[in-house]
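Q: So the sequences go chain by chain: B and Z. So the first sequence is numbered by UniProt numbering: it starts at 1 and just counts up by one. So the second sequence is numbered by UniProt numbering: it starts at 1 and just counts up by one.
By construction, these hints were calculated from the structure, which means they are not laboratory data. Yeah, the Cβ is synthetic: ideal placement off N, Cα and C, and Gly gets one too. Check before you lean on any hint, since a few could be wrong.
As the list claims (entries may be wrong) - If you anchor each label on the Cβ, the simulated ranges turn out as follows: (1) Z:Leu329 - B:Gly148: 30 to 38 Å; (2) Z:Thr302 - B:Leu293: 45 to 53 Å; (3) B:Tyr297 - Z:Val219: 41 to 49 Å; (4) B:Thr145 - Z:Tyr333: 52 to 60 Å; (5) Z:Ile179 - B:Tyr201: 31 to 39 Å; (6) Z:Leu318 - B:Gly161: 52 to 60 Å; (7) B:Ala67 - Z:Leu125: 51 to 59 Å; (8) Z:Ser306 - B:Gly180: 38 to 46 Å; (9) Z:Tyr333 - B:Tyr201: 18 to 26 Å; (10) Z:Leu318 - B:Leu276: 15 to 23 Å; (11) B:Val124 - Z:Val219: 32 to 40 Å; (12) B:Pro95 - Z:Glu150: 43 to 51 Å; (13) B:Trp172 - Z:Val311: 47 to 55 Å.
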Amino acid sequence: MAGSAILYGLLGAVIDGLRAGSLYGLMGLGLTLIFRVAKVPNFAYAEYVTYGAYAAYLAAAASGAGAAGLLAGLAAALAVGALAALVSDEAAFKPLWRRGATPLHLLVASIGVSLVLRYTLLAVSASTAGLLQVALPERSSVVATMGGIVSLETSHLLAIGSAVVLALALHWLFTRTRTGKAMRATASNPVLARVSGINIYNVRRLAWLIGGGLAGLSGFIYSYYYYVDPETGWFMLLWIFAAATMGGFTFYGSIISGIILGLAEQVVSFLANTYLGLSTAYAPVIALAALILVLMYRPEGVIRLEALALKKRV
Amino acid sequence: MAGVEGIIAQWLVMFGVYAIAALSFNIEYGYGGIPNFGKVMFMAVGAFTAGALAAWLGLSWAAAGGAVAASGGPAYCTPEAYNILSSAASHLLSPGQYLLIFMVAVLAAAVLGAVSGALASYPTLRLGGDFLAITLLAIGEVVRLVAYNEQWPVCGFNGLTAIPTPLAWYSNKSAIDVIYAVIVVVFALAFYLYTEMVTNSPWGRALKAMRDDELAAQVYGYDIARLRLQTLIVGSAMAAVAGALLVFYSGSVQANTFKPERTFEVIVAVMLGGAANNLGALLGAAMVAGINVFLNTSALETLGISVPGPVAAALPYLRYVIMGALIILVLLYRPQGLVPEKPVRTPVLEVVMERLQSLSGSSETGSLPADTQGRVEKGRG
Numbered sequence: 001m002a003g004s005a006i007l008y009g010l011l012g013a014v015i016d017g018l019r020a021g022s023l024y025g026l027m028g029l030g031l032t033l034i035f036r037v038a039k040v041p042n043f044a045y046a047e048y049v050t051y052g053a054y055a056a057y058l059a060a061a062a063s064g065a066g067a068a069g070l071l072a073g074l075a076a077a078l079a080v081g082a083l084a085a086l087v088s089d090e091a092a093f094k095p096l097w098r099r100g101a102t103p104l105h106l107l108v109a110s111i112g113v114s115l116v117l118r119y120t121l122l123a124v125s126a127s128t129a130g131l132l133q134v135a136l137p138e139r140s141s142v143v144a145t146m147g148g149i150v151s152l153e154t155s156h157l158l159a160i161g162s163a164v165v166l167a168l169a170l171h172w173l174f175t176r177t178r179t180g181k182a183m184r185a186t187a188s189n190p191v192l193a194r195v196s197g198i199n200i201y202n203v204r205r206l207a208w209l210i211g212g213g214l215a216g217l218s219g220f221i222y223s224y225y226y227y228v229d230p231e232t233g234w235f236m237l238l239w240i241f242a243a244a245t246m247g248g249f250t251f252y253g254s255i256i257s258g259i260i261l262g263l264a265e266q267v268v269s270f271l272a273n274t275y276l277g278l279s280t281a282y283a284p285v286i287a288l289a290a291l292i293l294v295l296m297y298r299p300e301g302v303i304r305l306e307a308l309a310l311k312k313r314v
Numbered sequence: 001m002a003g004v005e006g007i008i009a010q011w012l013v014m015f016g017v018y019a020i021a022a023l024s025f026n027i028e029y030g031y032g033g034i035p036n037f038g039k040v041m042f043m044a045v046g047a048f049t050a051g052a053l054a055a056w057l058g059l060s061w062a063a064a065g066g067a068v069a070a071s072g073g074p075a076y077c078t079p080e081a082y083n084i085l086s087s088a089a090s091h092l093l094s095p096g097q098y099l100l101i102f103m104v105a106v107l108a109a110a111v112l113g114a115v116s117g118a119l120a121s122y123p124t125l126r127l128g129g130d131f132l133a134i135t136l137l138a139i140g141e142v143v144r145l146v147a148y149n150e151q152w153p154v155c156g157f158n159g160l161t162a163i164p165t166p167l168a169w170y171s172n173k174s175a176i177d178v179i180y181a182v183i184v185v186v187f188a189l190a191f192y193l194y195t196e197m198v199t200n201s202p203w204g205r206a207l208k209a210m211r212d213d214e215l216a217a218q219v220y221g222y223d224i225a226r227l228r229l230q231t232l233i234v235g236s237a238m239a240a241v242a243g244a245l246l247v248f249y250s251g252s253v254q255a256n257t258f259k260p261e262r263t264f265e266v267i268v269a270v271m272l273g274g275a276a277n278n279l280g281a282l283l284g285a286a287m288v289a290g291i292n293v294f295l296n297t298s299a300l301e302t303l304g305i306s307v308p309g310p311v312a313a314a315l316p317y318l319r320y321v322i323m324g325a326l327i328i329l330v331l332l333y334r335p336q337g338l339v340p341e342k343p344v345r346t347p348v349l350e351v352v353m354e355r356l357q358s359l360s361g362s363s364e365t366g367s368l369p370a371d372t373q374g375r376v377e378k379g380r381g
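Excised from the complex, chain B in its bound form:
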């Protein structure tokens, strides 16, 4: 009986790992897009996720339960995530970039933006009742169960589905459309892109909007099955960075690395807890170790599917 309990636990860990990993990958997509087009290693990115989740909660709570609440929440999350990203670029990153700031300076600036966003939210939620922990009123519901222990929920389908669809969509946008071409041109050489008649400011703006929207969407999905507090995004930041860097800052790579990390988080910490008695509090060490090892030994990324595809096309 103990054996089957462990088997079910393992299956549950795999399913939850897929969900968490898809979400890390989805967040990594937006980070990747912003990093590639605007060259900002954006520590404030995690805050767009939190803001998206909070916006989703507020909108859904205002428009009632059911599908209407979910739709309102989704729209609000997308809008607020995109807006937060755009505002932080216009206020901080673009002026610095125009003065020729180095990536390190942009990183420091993004830490500043992140502190402002996160602690403003903390200050507001600490002084307002009922805002310290929020979640969508319409919860993730069970689709199928197995042995009464493992259950597949709508949130699993939503997270995994949107990760796959959006990775495909972004890849298509980047490689098959004029806008994507302009983005790639801006990324590789802004001056030359500008000389060729590309409005690089519009391209940048679009990248920030899409990236922020992806963050807001991830926040929406996250608050669909979890409780969110003002520090939720910050706790996931190093996972997001790990997914994006492992994926070599490519779209497919980000999703695949995110799923690998999510599976590693759930499965390894489940096994270590079952067999070694190691605390599950060590799960973040997996992402941190992955981030450190990848940055030190393969800073170009481990899984770089899109770069291969691009090379073949050229």
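Once you've looked at the hints, dock chain Z against the given chain B.
A: Just chain Z now, kept in the frame of chain B:
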């Protein structure tokens, strides 16, 4: 503890701690161009070392060993150890022993800080810029997570509270904080003079060369790997001492004191004051410590300012909003900081003599050398 002088003492202690950390970050980042975003990790190493060693020494001297039974962790984590070292401590240890514990613990913190700095120089050989910053930040988080979840060395999430503070034997309890604040400030000033000396030396010039153009520095025969190793050893030992001094003030070590926000505070101090300028680092540290200490409900009420309820709830978070805004504003409008970088001058003696003269003369900011006015730091390639 209460009262205005308690708050001033707290500010002085925080100033000293942040000043030492900011000076070390200044050597590494301001002069050497190494973005050590794991600064808090080295402070934590110092704090853990000093705290664990002090608790262990105090316990074994006071209880002559074996009196406290350990249960699945170090003996100093037990409540008995706390009782021995906090309330009855003044009868069990002599003043000399308290001071000896303090000195040994600070020294050990510096040594272990230097060792960890030497280890941390390994990633700097492979990486630079933003990737190096993220790597060191991540390593610092691993250290914090392990310390938070393990009983060894600082009692996990409960924290190590059985610290024999150096002045626990002193009968006038209200004066202890003030005396300790003076000790910390003396440490900070000593490190300031030391930093001035090493950065106004050929070594300091080599660091600047490495920062401005690594390839050119290599061409001129500097061993970049060795320079980075030396920089991180010196900087990390200093940060560890800062962490140790913090422990003996608060009388406890909590792993979660050493979150990445601390590193950001040190970065704010250095960028606000002006990178590659040690006076600027002191100024920035004073401001960051001020924001930390005075933006506090109880501190404000002691100073006679009443705080309404919702503001009081939001106040603990406000200081980080201010610091984040400061980072952005400084980067946008005054990237060289309040006190801009000035050229390195040797021989060292000349600088130190001048500094001493200006200290004995007037201590106004107007005593800055005239040739530094209007000199703007060049952009970092």
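Q: Compare the structure with each hint and give your call.
A: Against the structure, the hints come out as follows:
Distance hint check for leucine 329 of chain Z and glycine 148 of chain B: the Cβ-Cβ separation is about 57 Å, which falls outside the suggested range of 30 to 38 Å. For threonine 302 of chain Z and leucine 293 of chain B, the hinted distance range of 45 to 53 Å is satisfied, since their beta carbons lie about 49 Å from each other. At about 28 Å, the beta-carbon gap between tyrosine 297 of chain B and valine 219 of chain Z misses the expected band of 41 to 49 Å. For threonine 145 of chain B and tyrosine 333 of chain Z, the Cβ-Cβ distance of about 59 Å falls inside the hinted range of 52 to 60 Å, so the restraint holds.
Against the hinted window of 31 to 39 Å, the Cβ-Cβ separation of isoleucine 179 of chain Z and tyrosine 201 of chain B comes to about 59 Å, which falls outside the hint. For the hinted restraint 52 to 60 Å between leucine 318 of chain Z and glycine 161 of chain B, the CB-CB distance of approximately 41 Å leaves it violated. Judged by the Cβ atoms, the range 51 to 59 Å given for alanine 67 of chain B and leucine 125 of chain Z holds: they are separated by roughly 56 Å. Our hint of 38 to 46 Å for serine 306 of chain Z and glycine 180 of chain B is violated, since their Cβ atoms are close to 58 Å apart.
Remark: the range hint 18 to 26 Å for tyrosine 333 of chain Z to tyrosine 201 of chain B is upheld by a beta-carbon distance near 22 Å. The supplied range of 15 to 23 Å is broken by leucine 318 of chain Z and leucine 276 of chain B, whose beta-carbon atoms lie about 43 Å from each other. Look at valine 124 of chain B against valine 219 of chain Z: about 54 Å separates their beta carbons, and that is not inside 32 to 40 Å. Roughly 45 Å separates the CB atoms of proline 95 of chain B and glutamate 150 of chain Z, a value that falls within the hinted 43 to 51 Å.
Distance hint for tryptophan 172 of chain B and valine 311 of chain Z: a CB-CB separation of about 50 Å, consistent with the stated range 47 to 55 Å.
Violated hints, in rising order: 1, 3, 5, 6, 8, 10 and 11; the structure is consistent with all others.
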